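Peer 1: Chains as they are written, first to last, in this note's numbering: chain A, 145 to 559; chain B, 109 to 411.
Derived by calculation from the structure, the hints in this document are not laboratory data.
Note that the structure is a prediction, hence the values are computed from the model and not measured.
Just so you know, not all the hints are guaranteed correct.
[What the hints assert, rightly or not] Taking lysine to aspartate or glutamate pairs in the DMTMM-like style, the calculated list, with each CA pair at most 25 Å apart, reads: (1) A/K370 - B/D263; (2) A/K315 - B/E255; (3) A/K372 - B/E264.
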Amino acid sequence: MRIKRIAILALVATLALGNVFAQKTELNFWTWRPEDTEKYQALLASFEKQNPGVTVKISAFKNTEYNTILSAALAGGSGPDVFQSRAYGGLETFAQSGYLEPLDAWVPELKGFDKAPLGGATSIKDGKVYGVPFASQTLFVFYNKAIYKELGLKVPETWDQFLANLAACKKAGYQALANGGKEGWTLEVMMGSLAPNFYGANDFFQAVVAGKTNFQDPRFKGAMDKLKELTPYMPDLFMGVSYTDMQASFINEMAAHFVGGSFEAGYFSSQNPKLDFGIFAGPVAKAGDPRHVSVYADGNFSMNSGSKKKDAAAKLLKFFASKETGNFFINELKQVSAVPGADTSKSPYIKEVLSLQKFNTPYIFLVGFRYNQPTGSALFQSAAQGFFAGTLSSADLCKQIQDGIATYYAPFQKK
Amino acid sequence: MHKKNSEKLWIAFFVSPAMAIVVSIILLPLFMSLFNSLFSWRQLIRDEFVGLENFRRVFFTEPYKTRFSNAIGNNATWLGVTMLVQNTLGLAMGYFLSRRIRGSEFYKRIIFIPVLFSIVAVGFLWGLYLKPNGLLNGFLKLIGSPEMARAWLGDEKLATFSIIAVNIWRWVGFPSLVFLAAIDSVPTECLEAAWMDGAKDRTVFFRIILPLIVPSILIITVLTIVGSLNVFEQIYTMAGLDGSPNYSTDTIGTLFYRTGFGSVDSGNPEIGVGSAIGVIIYFLTLAASLVSIMSLGKQEVEL
Numbered sequence: 145m146r147i148k149r150i151a152i153l154a155l156v157a158t159l160a161l162g163n164v165f166a167q168k169t170e171l172n173f174w175t176w177r178p179e180d181t182e183k184y185q186a187l188l189a190s191f192e193k194q195n196p197g198v199t200v201k202i203s204a205f206k207n208t209e210y211n212t213i214l215s216a217a218l219a220g221g222s223g224p225d226v227f228q229s230r231a232y233g234g235l236e237t238f239a240q241s242g243y244l245e246p247l248d249a250w251v252p253e254l255k256g257f258d259k260a261p262l263g264g265a266t267s268i269k270d271g272k273v274y275g276v277p278f279a280s281q282t283l284f285v286f287y288n289k290a291i292y293k294e295l296g297l298k299v300p301e302t303w304d305q306f307l308a309n310l311a312a313c314k315k316a317g318y319q320a321l322a323n324g325g326k327e328g329w330t331l332e333v334m335m336g337s338l339a340p341n342f343y344g345a346n347d348f349f350q351a352v353v354a355g356k357t358n359f360q361d362p363r364f365k366g367a368m369d370k371l372k373e374l375t376p377y378m379p380d381l382f383m384g385v386s387y388t389d390m391q392a393s394f395i396n397e398m399a400a401h402f403v404g405g406s407f408e409a410g411y412f413s414s415q416n417p418k419l420d421f422g423i424f425a426g427p428v429a430k431a432g433d434p435r436h437v438s439v440y441a442d443g444n445f446s447m448n449s450g451s452k453k454k455d456a457a458a459k460l461l462k463f464f465a466s467k468e469t470g471n472f473f474i475n476e477l478k479q480v481s482a483v484p485g486a487d488t489s490k491s492p493y494i495k496e497v498l499s500l501q502k503f504n505t506p507y508i509f510l511v512g513f514r515y516n517q518p519t520g521s522a523l524f525q526s527a528a529q530g531f532f533a534g535t536l537s538s539a540d541l542c543k544q545i546q547d548g549i550a551t552y553y554a555p556f557q558k559k
Numbered sequence: 109m110h111k112k113n114s115e116k117l118w119i120a121f122f123v124s125p126a127m128a129i130v131v132s133i134i135l136l137p138l139f140m141s142l143f144n145s146l147f148s149w150r151q152l153i154r155d156e157f158v159g160l161e162n163f164r165r166v167f168f169t170e171p172y173k174t175r176f177s178n179a180i181g182n183n184a185t186w187l188g189v190t191m192l193v194q195n196t197l198g199l200a201m202g203y204f205l206s207r208r209i210r211g212s213e214f215y216k217r218i219i220f221i222p223v224l225f226s227i228v229a230v231g232f233l234w235g236l237y238l239k240p241n242g243l244l245n246g247f248l249k250l251i252g253s254p255e256m257a258r259a260w261l262g263d264e265k266l267a268t269f270s271i272i273a274v275n276i277w278r279w280v281g282f283p284s285l286v287f288l289a290a291i292d293s294v295p296t297e298c299l300e301a302a303w304m305d306g307a308k309d310r311t312v313f314f315r316i317i318l319p320l321i322v323p324s325i326l327i328i329t330v331l332t333i334v335g336s337l338n339v340f341e342q343i344y345t346m347a348g349l350d351g352s353p354n355y356s357t358d359t360i361g362t363l364f365y366r367t368g369f370g371s372v373d374s375g376n377p378e379i380g381v382g383s384a385i386g387v388i389i390y391f392l393t394l395a396a397s398l399v400s401i402m403s404l405g406k407q408e409v410e411l
C-alpha cells in the first residue's frame, strides 16, 4: 500500500517536473553588436519577466563576420531562433534562400510601422515582411555650433547660403567641410544628404525605380554638378582623406561641417563630450522649398524559418515591436527607433532627427538598387571617386551608373 | 615480405596526418570551388548545373568583363613593377652584401627585418604614413617641396604604385638574402680564375655569377608571379575591398572576394561567378609558374 502511494507520488512528481521542463523554452538570439550585449541582456531580462517559461540566450558576433557565420549556421540547419537581419538586399539574400519566416501573421504590430523602415524588411520578390525593423538612419549635415557662433553664421536654408557659410569658414582658417573621398561610401553619404533636393527627391526616386526615367536624367546629372561645387571647401588632398580622418577633424573642432548620417552622433559625443553640434537637412535651391533628407532602414529582427520554437520566437518578436524596445533603442542605444510612437522626450537629438524626417526620401541606391551586382551603391561609389577627383565628368558618372544597373535591372532594359 | 608491408604501413601512418590536412584544407576547397563554379546560385543555395556559364560571364558579359580585365591589368602592373624594381634591387643588395662592404652584417639584418613584420601591420602603418597629412607629405614639406605632396592612396594614378612601393619595402629583404646566399655559394675558384685572367667586376658579375645563380632567380621569379597574382592583404589594408579609388587598386583577389562573398555595399554574393574567378586565379598561377620554370630552367648552367 505504502509502496503504491510512493509510486503514485513519484509518478505525479515526475509528470509535474516534466511539465515544468516542457514549459521552459530557451530561445537563441544573435546580434552583430557585441558592444551592446550587456544592454541587450537588460532588455531581454524584462522580456523573460513578462514571459515566464521563456529564456533567451544571446550570442554576439563581429559585425563584419556576422553574415558569413549566420549564413553558414542557417545553411547547416543550426541557426538561432531569432536574430538581427540586414535590411534591403542583405535581407533578400536570406529571404530568397528560404531561411526567414514571413512575419505578417506572427507579428500583427507590424501594420502600424512606418513605410520607410518597413521597406527594409520586405522582400522585393514576394512582398512579404521578414523582419521587425529596429532603427532608421537619416542623412544630413552636422555643423559646429561654436564655430557658427564665433563667425556669426546662421544655419543655411538655401544652397547659396550654405556655400557662403562654407566660404566664411574656410576664410577663417577652419576646414569648411570634413568630408573626403578615400572611401567611396562617404561620397555616397554626401550624395544622399545633399542631392535629393536637387534631383527631385521622391518624384525622381519613384520614376527611376519604375524605369520611367534613368540616371542620365538631367535632374540627376544637375544634382551631381551641385555636389561638385563643394570640392573647393573639402580638405586639401581630400581624395586621400578617409572616414576616420573626417571624424577626427570634426570631433577635434577643426572642421565646421560634417556631411553624414544620424549614426555619427553617439560617437561624436563620446569622443568629445564638449563638442556642441547641430544638424540641418540638405539645403534647397529656393527658400521655402521642402527640405528632404534620405532615410533608410538599418536592420531588422527576424525569425529562422527552421526554428522549432516559433511560438516563443513570435513572443520575442512582438516584444521587439513594442514601445519598450523602441524606448530602449532611443535611450540606451541612442538610435532612431523604428517602433511607432516611441518616447523621444529624453533625447532632444533624436527628436530633432525625427523632425527632419518630416520630408523624407529613400536613400536612393541602398533602397532601390542594392539587390544585385553591381549595386547602384558600388557603381556610384567608385564612379564618384573619379568624378570628385576630376577624372570623370558628371555625364560619365551618370552613364556608368546607368549602364551598370541596366545589366540586370529589367525596367532599364526595355528602353 | 612481411617486414616490407609493415614498413609501408608505418610510412602511411606517418604521412596520413599531413595528407589529411592537405586534402581537407587545400585540395577539397579547390575542387569545391571548381564544382561550385559550374552551378547557378539562388543567393546561398546551389541551383542548377550550368556548365561553363559562370566563366562566360566573367570573360564576356558586363560588368564582370570590365572589372576582370581591369583587375588582371593591375595584377600585371604588380608583376611588372615587383619583378623590375624589387628583384633588381634585391639582386643589387645581395651582390653588395656579398662583397662584404663595411657593416654588411648590420645591413643584412636591417634589410631583412621588414620581411618579418605582419603584412597587416605594415599595411596599416604605411596607410597612416601616406595620408594627406601623414609622415611622407610632412617630410616633403620639411625638405621644402610641399608641391610634391600627394594623396598617395587616394589618387587613381598613384594608389597602386604606392601600395606596390610599400610591399617592396616590406619584401625586398627576402630576394636580397636569397641572392646573397646564392652568390656566396658560387665557387671561389671560378671567381679567382676569372680575376687572374683580368676580368673586371662587371664581367665577373654578368658572365660568371649571374649564370650560376639562375636557380635562385628562378625561385624568386616563380614566387613573384605567384605573389603578384594572389596579392590581396596589402590592398585590403591600404585601399579596402572595393579597389578604391575608382577600381584603380582592384586585383583579381579583391574582385574575387567582393563577387563571391558580397558585402553591404557591393551587393549580394554571386557564389558561382566568384568561384569561377577563384578557379581562374588558380589556373593562371599554375600556368604562369609552369611556363617560367620551364623557360628559365633551360638557362641553368651546370658546372
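Peer 1: Each hint: holds or not?
Peer 2: Now for the hints, and whether the structure bears them out:
no.	hint	result
1	A/K370 - B/D263	holds (22 Å)
2	A/K315 - B/E255	holds (21 Å)
3	A/K372 - B/E264	holds (18 Å)
When held up to the earlier numbered hints, the structure conflicts with none and fits them all.
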